[in-house]
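Protein chains: 2
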Amino acid sequence: MPVVSRRSQTVPLSPFRKLIPLADRARAKGKHIYHLNIGQPDIKTHPQAVARFRELPWEILDYSPSNGIDSYREALCGYYARFGVQLTADEIMVTTGGSEAILFFMLACLDPGDEIIIPEPFYANYNGYAHIAGVTVIPVTSDISDGFSIPNAEAFAEKITPRTRAIVITNPNNPTGACYSREEMELLSAIVREHDLFLCVDEVYREFSYDAPLQSVLQLEELHEHAIVIDSVSKRYSATGARVGALVCRNRSVRESVDRFAKLRLSPPGLGQRLSEVMLEDDGPYLQEVKEEYQRRRDIVYDRLRQMPGVFLSKPGGAFYCFARFPIADSEDFCRWLLEDFEYEGATVMLSPGPGFYATPGLGMDECRIAYVLNTGELAKSMDCLEAALSAYPGNTLTPAEADGAPAGASRFS
Amino acid sequence: MPVVSRRSQTVPLSPFRKLIPLADRARAKGKHIYHLNIGQPDIKTHPQAVARFRELPWEILDYSPSNGIDSYREALCGYYARFGVQLTADEIMVTTGGSEAILFFMLACLDPGDEIIIPEPFYANYNGYAHIAGVTVIPVTSDISDGFSIPNAEAFAEKITPRTRAIVITNPNNPTGACYSREEMELLSAIVREHDLFLCVDEVYREFSYDAPLQSVLQLEELHEHAIVIDSVSKRYSATGARVGALVCRNRSVRESVDRFAKLRLSPPGLGQRLSEVMLEDDGPYLQEVKEEYQRRRDIVYDRLRQMPGVFLSKPGGAFYCFARFPIADSEDFCRWLLEDFEYEGATVMLSPGPGFYATPGLGMDECRIAYVLNTGELAKSMDCLEAALSAYPGNTLTPAEADGAPAGASRFS
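These protein sequence lines map, in sequence, to chains Y and P.
In terms of full-length UniProt numbering, the first sequence opens at residue 1 and continues consecutively.
In terms of full-length UniProt numbering, the second sequence opens at residue 1 and continues consecutively.
Pulled out of the complex, with its shape left as it was, chain Y reads as follows:
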């Protein structure tokens, strides 16, 4: 019998993949699960746009140009202009979701054996695309105690080798919720210019920056030849199934390189592009409303978590995730226990264990990612459930006094 490839056996898997069968079993037993593990929003896709999409006239669903429908790319220029970024339609290449843009970036900018530096914890699927591209991910560790801000220049300098080709960040960050300041972006700017690296910024959560306007890498003029932006309509319009993203880049060589891979797969999805184009037309009120909803959720989750004994987190500035430290020694065991052994008012919570977001072994053992993709009522109930779980968890590392409400940080985080 023919055998499969070795590389297929070592594809890095999702941090919560092992939990899925446990969740299925819990559900089969009648337990309700608050899904705080996934990035699938419960918010309706831009309804007015969906209605217009249904009425669009078309008879042949043909290939679009490989870099996207011209009128959609023109319209996207107007979108970027809203935050002061002037682009031509040529500088925007429409992709099959942000995922394909990540793959195209790696194929176009890195050869097998080349290295990318990524602050950890990071979006775990970068590992998978690096695996396909034969690229090595070099982590530089960011710190929960300062809100997972960008590590300092020395931390990056230690990691740069002759094979380093790019730094990759997610801003706002998945899984941490961090939004990077102008100073942090300028630190990265100095590093990539000094070492002739690309700076690839995944900005798919751009619209969800709650406390300050997002600093897009496209706003940094000195990075015109270095910056590559990964974009997507998935989270922005709650349309993850559209599979429409973009790779935005002013560097002509990069675009020509990406274009070769884009031509190979002929065309990004035609219906998703048509929907995306009509979603852009009047998205202001929709985006505002969705952002306010996520901000309310952020506030609930943050306020509740910080009051739980032994839980530590910084206030996440964006995206719809927070990454918190819990009074536990093994977050995979905790997440397993939540599904298998715990129940509170007929329900439990599903979280993503921290280690899957780190490339350095042993990190994130007491951390979990929480995606606040439930409505505020459900979210509050999920926090009740999580709080009860922490009290009941046999592996809780707090002393009885701490668990009773002594200042959480006193002994652990000073």
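What the hints contain is simulated information worked out from the structure, not anything from laboratory work.
Hints may contain errors.
Which copy? The list can't say, so a pair holds if one copy fits it or any two copies do.
To be verified - Below, simulated SDA-like cross-link-like pairs (lysine to any residue); rule was C-alpha separation at most 20 Å, straight line:
| hint | residue 1 | residue 2 |
| --- | --- | --- |
| 1 | 44 | 55 |
| 2 | 263 | 12 |
| 3 | 44 | 54 |
| 4 | 291 | 40 |
| 5 | 29 | 346 |
| 6 | 29 | 153 |
| 7 | 263 | 11 |
| 8 | 263 | 23 |
| 9 | 18 | 259 |
| 10 | 263 | 10 |
| 11 | 159 | 2 |
| 12 | 44 | 190 |
| 13 | 44 | 292 |
| 14 | 291 | 43 |
| 15 | 159 | 112 |
| 16 | 263 | 9 |
Given the coordinates of chain Y, work out where chain P should sit on it, guided by the hints.
Positioned in the frame of chain Y, the structure of chain P alone reads:
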């Protein structure tokens, strides 16, 4: 300034890519171009299904399961059952077009440095996916004189090495239009079973088999562990922009391997899948009508070409291509000349030069691919134009007597 990857500079390009700027210039000068170079059909996407698609109720365009919407995969079981193939929904993995299925096959079944054997001429984009996957394409040459049938066992045996992992064919074939017989499939079956290889069959033109029912590899029971089918709705429903395909495989290890890559990109396109599902519901009359239309076109092109002095081709049994030998020495020069230097009644034709479909250098120099994706009226005019072009082409290799209509094959093909 950071530099792009070396691999991006060596992506194999489309056989007619170099001609596109020439076509743009010709068009700008007011010349009409009969596009016989591309695989974009002019036929309407299944109209009744499109109407139903517009009315489908949905509010959140969410991620579908990574292997496709359950109900769509269930419906596809019914589709395959029409030609006697019993599948479970698990054995069908929905992909982002046939293109992604090709990539997934290569990643799941081959490691870098492994080899696939493909009868040439073949669909040129296989080269591009092999390039991404680091896989080596080994051609075995098929022959225009016997209608590009599958080469004999010895021809394959010469090419098999310890790194060979699979044979890949396209059935019906792009670019040749060949449909393979039961005997040809059984020859391949014996080879792949003897050498423990996969047999990957790209059946995206399955519905367009004009002279006999298509022999799908899925019908060969002895190949249940060897066969991988690439499928797509693109050509079947004239919906190339849907970007919905499938990888069909009964081998569980292959599916588990593909699944890891499928999970990484989260989901195939949601709108395209919904459209594809409704297109399946009542596609019988539509498919019949479309097939008859292509058959009429096939007959026009074949009848006209075989009457042109010095042109040789076998009757193509399927797909919407034919691959013909012309009385020319350099098909790239001929295709360039057609666009730059020739005009007949204000028009010219655009063809795909033969060499781009071969991996062996020097082959296909006197061959071109013709895609019959114009309606019968336009197609007849394009044949007038091509016939006039062959008469006028300075590089025509016929003697004056042959060009005047002496039996075309007499001196060249006996």
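Consistency of the hints with the structure:
1. 44 to 55: both (19 Å within a copy, 17 Å between copies)
2. 263 to 12: For residue 263 and residue 12, only the inter-copy Cα distance (10 Å) is at most 20 Å; the intra-copy one is 27 Å.
3. 44 to 54: both (16 Å within a copy, 18 Å between copies)
4. 291 to 40: Classified as within: same-chain Cα gap 15 Å, cross-chain 41 Å, threshold 20 Å.
5. 29 to 346: within (10 Å within a copy, 73 Å between copies)
6. 29 to 153: neither (51 Å within a copy, 56 Å between copies)
7. 263 to 11: Between copies only: 10 Å across chains, 26 Å inside a chain, cut-off 20 Å.
8. 263 to 23: between (40 Å within a copy, 18 Å between copies)
9. 18 to 259: Cα proximity of residue 18 and residue 259: across copies only (14 Å, versus 37 Å in one copy).
10. 263 to 10: between (28 Å within a copy, 13 Å between copies)
11. 159 to 2: between (41 Å within a copy, 17 Å between copies)
12. 44 to 190: The answer is neither: 41 Å in one copy and 53 Å across copies each exceed 20 Å.
13. 44 to 292: within (14 Å within a copy, 43 Å between copies)
14. 291 to 43: within (11 Å within a copy, 43 Å between copies)
15. 159 to 112: Within one copy only: 18 Å inside a chain, 27 Å across chains, cut-off 20 Å.
16. 263 to 9: between (29 Å within a copy, 14 Å between copies)
Hint compliance for this structure: hints 6 and 12 are broken, all remaining hints hold.
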